[in-house]
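> So you can see what is in the structure, the chains are spelled out below.
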Amino acid sequence: MIANGYLRSDGKKGIRNVVAVVYLVECAHHVARRVVDLANDENVHLVGFPGCYPNDYSYRMMRALLTHPNVGGAVLISLGCEGFDRLGLAREVRSSGRPVETVVIQTVGGTRSAIEGAATAVARIRAEMARTTQRVPVEMSDLIIGTVCGGSDGTSGITANPAVGRAFDRLIDAGATCIFEETGEMIGCEGAMSVRAGNPQIAAAITQSIANAAAYYRAMGHGSFAPGNADGGLSSQEEKSAGAYVKSGSRPISGVIRPAERPERAGLYLLDVVPEGSPKFGFPNIADNAEIAELIACGAHLTLFTTGRGSVVGSAISPVIKITGNPHTYRRMSEDMDVNAGRVLEGTATLDSVAAEIVELVCNVAGGGQSKSEALGHREFILTYKSIEAKGPACHPG
Amino acid sequence: MIDPVILLHPTDNVVVCRRAVSAGEKLQVQGQSIVVAANVDIGHKIACLPIATGREIIKYGMAIGSATGQIAPGDWVHVHNMRSNYIETHARPDTGSDS
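Sequences listed follow chains X and G, in order. Numbered per the working numbering, the first sequence spans residues 1 to 398. Numbered per the working numbering, the second sequence spans residues 399 to 497.
Isolated chain X (complex conformation) (with noise of 0.2 Å):
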């Protein structure tokens, strides 16, 4: 057992036993931060979507992120006239076993009342969930672990992004299942990817998911690569994806899913996250906490997150572990860095050694120590419109 956690009605088990406010417009966004401030507690999360027009994919997003294993319960805040289907939403949550009460702004006489209702609707949640909630004994098995990378500089390819990669090839033996993305930032590596598909069904989407990708930037006019990169040493897209792909380790990949979509079984999973077609409605995602919010809701209880520059941000509903590959950036952000594959560099420390101390972190913050961003108060959580088609199981093996 490597934690004590949250049983849900599905029979997934939870790391951390969230409730989500959710605001279902950008006009509901303040008083549903209000909500969470007055709450002042670590496991009341913000979430929400600001657009007025309803979405598919925003909407499927919204009903993986709200059922998954980490959250026991929600508040959605609507302001009355939004598209988002709240009623849909709300049914799906109740019937997946979790409290859920709505709080309509224009029905319930404004802001004021608004926030009084749904602070209380929290409180009830909250002490529904204390004493229906199931504690479990969590095993490696039951664990979904997602990477992502931010800042990268010529460091996070070298030091970082392998030790990670190391890192899930432990995980994935031990049982657990693991996520890298994102094709837009693999373009270059697909000859490599396809080699260590599963079967040839996945090495052909994981060779049309990144053609795909590499269309999708073109039309776009620029990649993923940002001037920091640069700055940091990468000179080129492909190479800032070599560096980048190692992340994923060395097992086989077990299939290509969709953002919402889980794993079916334990593996190693490639999501990918760029919109069919033409650009629809801009870039896939535009910063790394859409990524993050994609991977959660795939299913991650948490993320390992490597960056070179420094980023900072944490994520609302799993925790997420800094990974720095650089010395100096970690000496310079200590207080947001939670380990420092530097070190590799510096000679102190080998990929294997670094790989070790994320695995043993992995299974700390499971048990519910807290990540330095976790414990900074960093929530941060974006979801914006996309196109994104359900596709259901069909890259998985067969």
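Honestly, I wouldn't trust all of these hints.
So the derived label-pair ranges between C-beta atoms look like this [as the list claims (entries may be wrong)]:
hint : chain 1 : residue 1 : chain 2 : residue 2 : range
1    : G       : K424      : X       : G347      : 16 to 22 Å
2    : G       : R417      : X       : D37       : 42 to 48 Å
3    : X       : S334      : G       : G459      : 31 to 37 Å
4    : G       : K424      : X       : G277      : 39 to 45 Å
5    : G       : G459      : X       : N4        : 41 to 47 Å
6    : X       : G175      : G       : G429      : 53 to 59 Å
7    : X       : A174      : G       : A470      : 33 to 39 Å
8    : G       : Q426      : X       : G368      : 48 to 54 Å
9    : X       : G277      : G       : N437      : 41 to 47 Å
Covered by chain G, according to a simulated footprint, are these stretches of chain X (three or more residues, beta-carbon under 8 Å) [what the hints assert, rightly or not]:
hint : stretch
10   : 94 to 107
11   : 235 to 249
12   : 343 to 349
Hint data in this document are derived by calculation from the structure and do not stem from the laboratory. Ideal Cβ positions, reconstructed from N, Cα and C, are used throughout, including at glycine.
Given chain X, work out where chain G should sit, using these hints.
Chain G only, in chain X's frame:
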């Protein structure tokens, strides 16, 4: 003493700096002696073989772009003398300091 650069893959034509390397420093890469031509920061690349214009830059054993000019062993390899084979690299016009 720790080698100031890493050759990530035997077929690579660039090495990666483990620390800031100064112009004039001598490096040993696979038995070849190389003199560094410019100050090169941690994480940046230095050519360890001559790379002709249009030829691929190899790192991790994978092509990461092509040379846009003649590159000599010891040269700093970056956006000024290489480009992506996939998509244009987007960099800030001024990489100076904020202060």
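> Just pull the numbers of the violated hints for me, sorted ascending.
4, 6, 7 and 10
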